[in-house]
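Sequential numbering of the sequence shown, starting at 1, is according to the UniProt record's numbering.
Keep in mind that the hints were calculated from the coordinates and are not lab data.
The beta-carbon is built from N, C-alpha and C at its ideal position, and this holds for glycine as well.
Fair warning: there could be bad hints in the mix.
The calculated EDC-like cross-link candidates involving lysine to aspartate or glutamate, where the alpha carbons are at most 16 Å apart (straight line), are [stated by the list, open to error]:
#  : residue 1 : residue 2
1  : K116      : D132
2  : K90       : E72
3  : K107      : D132
4  : K62       : D48
5  : K107      : E124
6  : K62       : D106
7  : K107      : E38
8  : K116      : E72
9  : K88       : E72
10 : K107      : E77
11 : K32       : E22
12 : K90       : D106
13 : K107      : D117
14 : K91       : E77
15 : K81       : E92
16 : K88       : E77
17 : K91       : E72
18 : K32       : E18
19 : K25       : E38
Pair by pair, the computed Cβ-Cβ distance ranges are [what the hints assert, rightly or not]:
#  : residue 1 : residue 2 : range
20 : A83       : D106      : 48 to 58 Å
21 : E37       : D106      : 39 to 49 Å
22 : V127      : R151      : 30 to 40 Å
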Amino acid sequence: MQQPPTSFHDPNVVGNQEHLREHLKNEININKDLSPEEMEFHYFRLHDSNNDTLLDGQEIMKALTHMMQPPELMPFEMQGKTAPDIAKLKKERYLQFMQGIVQVVDKVLETDDVDKDGYLTYPEYIVARRRDAKQMLKMQQEMLRQAEAYRQQQAELANKPKEALL
């Protein structure tokens, strides 16, 4: 089941170069690769629907829901249910999805809107992207460290005589 992003700065949301090219095909040279900085700029600009160089909560929400769709019901969830029951389940799933999106938007404005004016400026957006990228890198490094420690532990156990393990 597709989950809402945990952050507006989720690389799966921002880093989709093909998606940006599709939207910007009449504005930029789509035959060249975009740098990460260009992608960030165009992603921000693309979702600034009123061209005020700010993103409000609704623009952030639209950006997130543009890239993500509410999860579909699985066949087993619909099995034995009537059409009204299925419609009710779909509505509940949609509301849960949107609640998750609203939580992300609220968190973005709470943590990234430095001047607390209710808008995300491009500099605020970039600072938050850099912060989140650093946090993601730290998490990945920690996961690799833990995986290596586990691998070493397993190798040590495999090399010990069976009597020593009892």
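Verification of the hints:
A distance of roughly 19 Å separates the Cα atoms of K116 and D132; the hinted pair therefore is violated under the 16 Å criterion. The hinted pair formed by K90 and E72 meets the criterion: a straight-line CA distance of about 8 Å does not exceed 16 Å. Taken as a hint, the K107 and D132 pair is honoured in the structure, with Cα atoms around 13 Å apart against an allowance of 16 Å. For a cut-off of 16 Å, the pair hint linking K62 to D48 stands: about 10 Å separates their Cα positions.
With a C-alpha separation of about 14 Å, the suggested pairing of K107 with E124 holds against the 16 Å cut-off. Taken as a hint, the K62 and D106 pair is honoured in the structure, with Cα atoms around 13 Å apart against an allowance of 16 Å. Simply put, K107 and E38 have alpha-carbon atoms about 25 Å apart, too far for the 16 Å limit, and the pair is violated. Of the pairs offered as hints, the one joining K116 and E72 is violated, with about 36 Å between alpha carbons and a cut-off of 16 Å exceeded.
For the hint linking K88 to E72, the alpha-carbon distance of about 13 Å falls within 16 Å, and the restraint holds. Our distance criterion of 16 Å between C-alpha atoms is broken by K107 and E77, whose separation comes to about 31 Å. Proposed proximity of K32 and E22 is supported: the alpha carbons are some 13 Å apart, at most 16 Å. Our distance criterion of 16 Å between C-alpha atoms is broken by K90 and D106, whose separation comes to about 24 Å.
A C-alpha spacing of about 14 Å is found between K107 and D117, which places the hinted pair at or below 16 Å, so the restraint holds. Under the criterion of a C-alpha separation no larger than 16 Å, the hint pairing K91 with E77 is consistent with the structure, at around 13 Å. Under the criterion of a C-alpha separation no larger than 16 Å, the hint pairing K81 with E92 is consistent with the structure, at around 15 Å. With a CA separation close to 12 Å, the supplied pair K88 and E77 stays within the 16 Å bound.
As the CA atoms of K91 and E72 are separated by approximately 11 Å, the hinted pair is consistent with the 16 Å bound. Pair hint K32 plus E18 holds up; C-alpha atoms about 11 Å apart against a cutoff of 16 Å. For the hint pairing K25 with E38, the CA-to-CA distance comes to about 14 Å; that is within 16 Å, so the pair holds. Between A83 and D106, the C-beta spacing of about 35 Å breaks the proposed range 48 to 58 Å.
Separated by about 27 Å at the C-beta atoms, E37 and D106 break the suggested range of 39 to 49 Å. Distance hint for V127 and R151: a CB-CB separation of about 37 Å, consistent with the stated range 30 to 40 Å.
In this structure, the earlier hints numbered 1, 7, 8, 10, 12, 20 and 21 are contradicted, and the remaining ones agree with it.
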